[in-house]
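Following the hints, position chain B against chain A.
Protein chains in written order, with the numbering used here: chain A, 1 to 623; chain B, 624 to 675.
Because the hints were derived from the structure by calculation, they are not lab data. All clues given are correct.
Here are the simulated lysine-lysine pairs, DSS-like style, with alpha carbons at most 27 angstroms apart: (1) B/642 with A/535; (2) A/396 with B/642; (3) A/309 with B/642; (4) B/629 with A/566; (5) A/543 with B/631; (6) A/609 with A/599; (7) A/606 with A/543; (8) A/579 with B/655; (9) B/629 with A/535; (10) A/407 with A/310; (11) B/642 with A/199.
Just so it is clear, the structure is predicted and the values come from calculations on it, not from any experiment.
One letter stands for each residue in the lines below.
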Amino acid sequence: MMDVGRHPRIELMAYSEVEGVGGYVGNFKVKVRKKARYVREEDCNSCAECAEVCPVVVPDEFQMGLSSRKAIYLPFPQAVPASYIIDMDACLGTNPIACGKCEEVCEKVCIDYDMKDEVVELDVGVIVVATGMDVYDPTELDEYCYTRYDNVVTSMEFERLICASGATEGHFVRPSDHEVPRRIAFIQCVGSRNNAGDKGNRYCSNICCMNTVKDTLLLRDHYPDCECTVFYMDIRAFGKGFEDLYMRSREEGVKYIRGLPGEIRQDAETKNLFLTAENTLTGEVVEREFDMVILSVGVIPRQDNPLIKKLLSLSTTADGFYMEAHPKLKPVDTPTRGVYICGCAESPKDVKDSVTQASAAVARAMTLLNAGEVTAEAITASIDAAFCTGCGLCAKVCPFNAIVVDKDRKTASVVSAMCMGCGNCGATCNQGAVTMGHFTDEQYYAQMDALLEENPENKIFTFACNWCSYAGADNAGVSRLQYPATPRLVRTMCSARVTEDFVLYAFMKGAPVVLVSGCHFADCHYIDANRQTVKRVYRLWDKLEKLSIRPERLQLEWISAAEGQKFARVMREVEEMRKQVTAAEIEHTRKAVAEEWEKKLAREAKRKKKAEADESRDEVQVS
Amino acid sequence: MSQETKFKCLRCGYEYVEKYAPDDDVERACPKCHSNSVRPEKAKKADAAKEE
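One chain only, chain A, in its complex shape:
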């Protein structure tokens, strides 16, 4: 951190907040609010005389409330820049008559009560999101009595208690009587791996097992006579050297009991704690007395993740962590070009993995910056101004905010550098103004013509998204899974590219069943484009019903790249549905859709004529 602070080419903006992000890869405009510190950081030398005279005492957030700080304070001992801040909510000094003591003693004259927030705008080429994580609050877990018993603390509070710069200056004492505890219990997976999903999270927090192993060794080192017992589900010591560390902890005499306590009771007099748990390895129910219990709490996504997600057009997993562009091939990229993620912003991970990922993110960023120019995707959208009415529907559904609508000229245009080519706009535009590069409507119709040319009644016509469903089909193939030979797949970049017309056209060509498949919600490679797929399919089901076509003949399925089994199963199920579609039903469908299609062609012809007339009028005006 010190090196970063001193680096001539790094501008560190601590105590600041990103308020807005505009632009696109290579040309981001970032608005940052530098919050007022009320202390000039360039002059402050952290002499601490101001804090000594400050009369206001408030709980210290960094020390988890285990000690106090003053209204003027250094956020934490290693803070960079090492400059004091005034907590204006607590300070009395806004009115110098009330206090102003810090200002009186400051020899460097750093205090400035009139300091204001400053908003700066930065031009940046790429953005790395390294916003970290929050720690799970175990208050909701009644069985561990975190808020009822003083001697039940979290692993974060333990860190502050045993740290040399912590609340007790490294003297580990229990909160109830400030005595050194001799019998200490650790409870693992607090707030993690809860499959019931009612409290806590389903995922493994990754770091807690090794953190506890480290803590037990630390305790045994500082207090050789202390007894440590760890209650666990599984010890996940998977990293380099981790298993050795775990075995060392066992050799040092730390007891490991496989089973989580169902309850904690407290002796009202001694404040000692009694834990009851079933040792699932021996089948015995054990009850042990401890002086102190440490809850090994998991990590959770930062509370402000939704805000950053919105600012940068990112996507998150169901757990709330940011989602990478591809889990294997682009693990630090995001769906938005020029934005990279690393560390616990992406998922819970330890220091080593965070540093590795941060290095990868920086390498990716440097690759882009050093290139000096950005090549736009070949599959981006383009809008024909002659047909565009400037309705803005395309801009509304674009997950990357890549479409700009000119309300005066009643037209829209695509920022190619921002467009990722999902095709959602193309499927939404009802004026036929959007053309998707290499995935044009004409190309899709040609594919449908070819695939349904012969014996269409024997085919399951399937639209499969490039990233998941199509890959799921591949997975089924390479896994040699058995499924019917009737599916015919057409690849789309995103399931949101599938227009209502595509589906109707397939029915008109004689398809007995049409399947639209895409990524699971949490896996959508275009942030949330596949939500539009759902809306479109809902509308199509209504439309089919109006045309007296069974809505069941249009199927929707989310299949991931790893779900080859699911792909095969879905195809077997849909094949059974296909067999039930009669020739008469197909014929009726053809006729009903053909009538609709005629109307659509007539509308299009009229629109084209109007566009041509407008264009020639414009030319006359120009000349």
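Positioned in the frame of chain A, the structure of chain B alone reads:
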């Protein structure tokens, strides 16, 4: 605003009631066959079904 809505699975025909709002961000699947082809019935229809 979410409201109790009747869903029908267009794969196995199973019908069930679940909270639903047009803009909710929930990946839906049939509780019986796990198909994603689940169709929400229109509000009026769902109310009528409830009354029955």
